[in-house]
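Each chain is listed here by its residues.
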Amino acid sequence: MSEDIAKAGIISCSGEEISEGTIARLATRQVLETLRPGKAVTICLPLFLAGEEGERNFAKTHPTIAIDGCGKQCARWGTEKHSGPISGALVVSEILGTKAAGCSRSSRYTSQVDKEAVAAVAEKIAAEVDRVLAEAGHVKVS
Amino acid sequence: MSDRMKKKPVLVIPCSGIGKVHGLLSREATYLVTDEIAPEQTDTMCLALLVKGDSEALEAVKSQACITIDGCPKACAEKNVKIAGGTPSKIVQVTDILKEHRGAKPGSANELTDEGWAIAREIATKAARDAVRLCQEREGIE
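For the record, the sequence lines run as chains A and B. Mapping of the first sequence onto the working numbering: residues 1 to 142, in sequence order. Mapping of the second sequence onto the working numbering: residues 1001 to 1142, in sequence order.
Be a bit skeptical, because a hint or two may be false.
To be verified - Covered, in the sense of this in silico footprint (three residues per stretch, anywhere, with C-beta under 8 Å from a C-beta of chain A), are these stretches of chain B:
| hint | stretch |
| --- | --- |
| 1 | 1015-1025 |
| 2 | 1047-1057 |
| 3 | 1068-1082 |
| 4 | 1110-1119 |
Derived from the structure by calculation, the hints contain no laboratory data. From the three backbone atoms N, C-alpha and C, an ideal C-beta is built for every residue, glycine too.
Isolated chain A, as found in the complex (with noise of 0.2 Å):
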């Protein structure tokens, strides 16, 4: 078996207005943290909007996923004028859809549904991180 593996990256959107922006936030954590260890990095998006160089030149080379709360897709948006194509987008209120409503701002208010919809969306950029690196012949298994 070879394997070469190279790290994709995720920007999450993180929008404060909006119980879909912590969920994205967590989501976001949960893929790097549990589901795809070593696979994947986050990318503060405030940094990066603020003209990190470092960041942005990341997101240059890496394959990148933008994580939005809402249709506004700030994250995708901001990924693009910076530093390209990326190469895949979730919203998080497309896979939720009224599941969201339920959902809490606070993370003081964390309820079962909250740590349902985390775990949706993180499912969701977990594949995405695999489909993206294995496009990008990062990860080669044979």
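Given chain A, work out where chain B should sit, using these hints.
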């Protein structure tokens, strides 16, 4: 003056940095201010939406008082508000607060410990006090 300004004259904008507990402290402190301590005076805004150039967001930071809460000295919330044409009335740095709590274990990028929640509340209480003062100053002007 818009209805939003009349109801919520002060915007509290965190960086929500995803990599460390500092970003989560900024985010949760913001929710404590807007949802619990000073809900009549304050509101939050998606930082990414502001950076994207959303017209309503741009207008809001130019016309409303802003308090930025940044996790680290890179000050992404402060920088991005300034780039958008706003002038933060109060700038909060989580790292400065943490210097007063040496040895504290506030938690992780995913969740806060009891100690972390106490620190978030300390940050929020100060920010809420500033928000009330800013409201009073604005009422005095009008």
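**Prompt:** Against chain A, does the stretch 1047-1057 of chain B show at least 3 residues with beta-carbon separation below 8 Å?
**Reply:** holds (count 6)
**Assertion that chain A covers the stretch 1110-1119 of chain B - criterion: three or more residues, beta-carbon distance below 8 Å** = Holds, because 4 residues of the stretch 1110-1119 of chain B bring their Cβ atoms closer than 8 Å to Cβ atoms of chain A.
**Message:** When I compare C-beta atoms, does the stretch 1015-1025 of chain B have three or more residues closer than 8 Å to chain A?
**Reply:** Since 7 is at least three, the answer is holds.
**Request:** Examine the stretch 1068-1082 of chain B: at least three residues should have C-beta closer than 8 Å to a C-beta of chain A.
**Result:** holds (count 5)
In terms of the numbered hints stated before, the structure departs from none.
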